[in-house]
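Chain by chain, the residues run as shown.
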Amino acid sequence: MRLHRVVTLITALGLCSQAQATPTQYPLTLENCGSSLTFQHAPARTVTIGQAGTEMLYALGLADKVVGTSLWFNEVDGKYKAQNDQVGRLADNEPSFEAVIGKRPELVAVELEWMVGPQGAVGTREQFHELNIPTYLMPSDCEAKDNRVGADGTRLEPFRIDSMYKSISQLAEIFDVQVRGQQLEAELKASLARSIAAVQKNQLQPPSALVWFSSAQIDMDPYVAGHKGVPDFMLKTLGVKNVVQSDEEWPTVGWETIARANPTFLVIARMDRRRFPADDYQKKLAFLRSDPVTRNMDAVKHGRIIILDAMAMQASVRMFEGLEQLAQAINGYDLSP
Amino acid sequence: MMTTLVRTLLACATLLITVILGVSIGETAIEPSVVFQALANKLWAAGHVLDPIDEGIVWNYRLPRALVAAACGAGLATCGVILQSLLRNPLADPYLLGISAGASTGAVLVALLGVGAGMVSLSAGAFLGAVTAFALVMVLARASGPPSGTGQIILAGIAGSQLFNALTAFLITKSASSEQARGIMFWLLGNLSGVRWPAVWLTVPVAVAGLAVCLWHRRALDAFTFGVDSAAALGVPVRQVQCVLIGCAALVTAVMVSIVGSIGFVGLVIPHAARLLLGTGHARLLPASALGGAVFLIAADVLSRTLIKGQVIPVGVITALVGAPVFAMILIGRRNAR
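Residue numbers (the working numbering), protein chains in the order written: chain G, 1 to 337; chain D, 1 to 338.
Hints in this document: simulated from the structure, not taken from any laboratory.
There could be a bad hint or two in this list.
[Said to hold, decoys possible] DSSO-like cross-link-like pairs, simulated, lysine-lysine; straight-line CA separation at most 27 Å:
#1 G:K103 with G:K81
#2 G:K236 with D:K309
#3 D:K42 with G:K301
The shape of chain G in the complex, shown without the other chains (with noise of 0.2 Å):
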């Protein structure tokens, strides 16, 4: 384990000198998600579905590229608030076909692989494709994943960390930003280096976590993150075993099994979106002080409850924030027995 951790921070301090990016050679042509995409010239209209690939776009300094963006979680991250004012908004939710190709996209790219898989909620790739079209789709919901299996779809591997470094620099070379895109990796891999760090003089023993999205209703059997998904790779790269044990993405779990389970801490999502009571972290928080159970938890009782913004438990740039975050929080906690 200590030794895989050095290794990573070692990697990402070496990817800062790395050797300059040379230029994309058009037409480009890349495998993306079960589908070839090629690219004439960089595209100068993107539409987005998902909050995650949107704020990756702005991250790597690409906002003007952007003309419409739609399925929206959270508020946007309030580095890009100004530059997202700019960019119309399609829908909250998933956009219609027709809205998306309405704005005459030259690139579609898309978070999550069910709103263009087969049954594609907002159209399948390949009507936008008989459009001339190309619709990325983010690696992180493609590879390893079966998104037929399970509500929000299970993974046949753990979720890798690449995937996300590979969205980065494969957007980065459609837009022929090469630059940017490596300077970004970089950033995000000095970050995660440092998640670990912060926890590396840590506990003997592993602590143990469970990630609460939401519930249907707040007494019922809450979704929490199984333990091959985002959340879980956060987990395990600082050292925290996840006490789910289910493939899916976001299965549900009874209260019994959590309580019994009795993890060193619980995580908590905060999100904008109200359409479940315990979408709000402070009824979450109500309901784990007040149930008669939950509120015998260790992690309850020493109020090790630690409150995560749902963007950065999902494979977004902000995930590494989020691991900052929890690295913080767990260094702070008194584990010893």
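Given the structure of chain G, go ahead and fit chain D onto it with the hints provided.
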């Protein structure tokens, strides 16, 4: 020859054993001794020293769940009996009057469109939807035929159910994300995971009151077995009894649906099974159906929690999966016995 007293005692003992079984078996393994100590602590302050989490799971999660399952099973089975008898239709069940369809629409409105902005719970939405749908069905039945006709009620119920099911489907396809659709589907198929003591205080009295009202009208229900005209000839106030009992069935069902979602099959099959075993006299049929429904639903809930480790299957799926073959066996067994 068993006396009524012995039968009653036997029924209570069966129910008690099933509840204890429901409390002892759960998602995780808790020692039976711990279960009994936890119950003893709470019931007569026995003072056993237990892990507060184990104790809480037994007393605050499992026991309310078993009791609510019993109340819902009993309530739905009772409603099934009276609707089948009143409407003289073997296919009648508590959801015939558009109640589950209306409840679904109400729940979906709350969960997907954010009606009530998080202040109205899924349950409240479901209850309002159920009552609205029932009222609509009754208006339609009144408008379409003679006041005491049973055919109109069934047809109006089917029309109402179709309408509200279509509305639900429309709302889900229009506005649900996969995660929300899952939450809703899980709820629609019946879910006992969120029940705590407040649900017990609601469902148990409702089930008991429903059963009492029906038992009070047992002779009238017996008369209805021979048809509306015969009942009238026997001096039963047909309109009044119909109104009271159908209204009672609707309210009981609406309460149950709003707490646990639409658990199918119990209200349809348990009354038939009880009738096959005990005959058509309502003085015995009603309590027997209630007991059967209670035991069946507790057992189904235990199965739903234990069949796949670490995952809970909607209890409505279990009631259908287990109930259908059992019912088929009863039907076949009855033919062979004749």
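Verification of the hints:
{"no.": "1", "hint": "G:K103 with G:K81", "in the structure": "holds (21 Å)"}
{"no.": "2", "hint": "G:K236 with D:K309", "in the structure": "holds (24 Å)"}
{"no.": "3", "hint": "D:K42 with G:K301", "in the structure": "holds (22 Å)"}
The earlier numbered hints are all upheld by this structure, with none contradicted.
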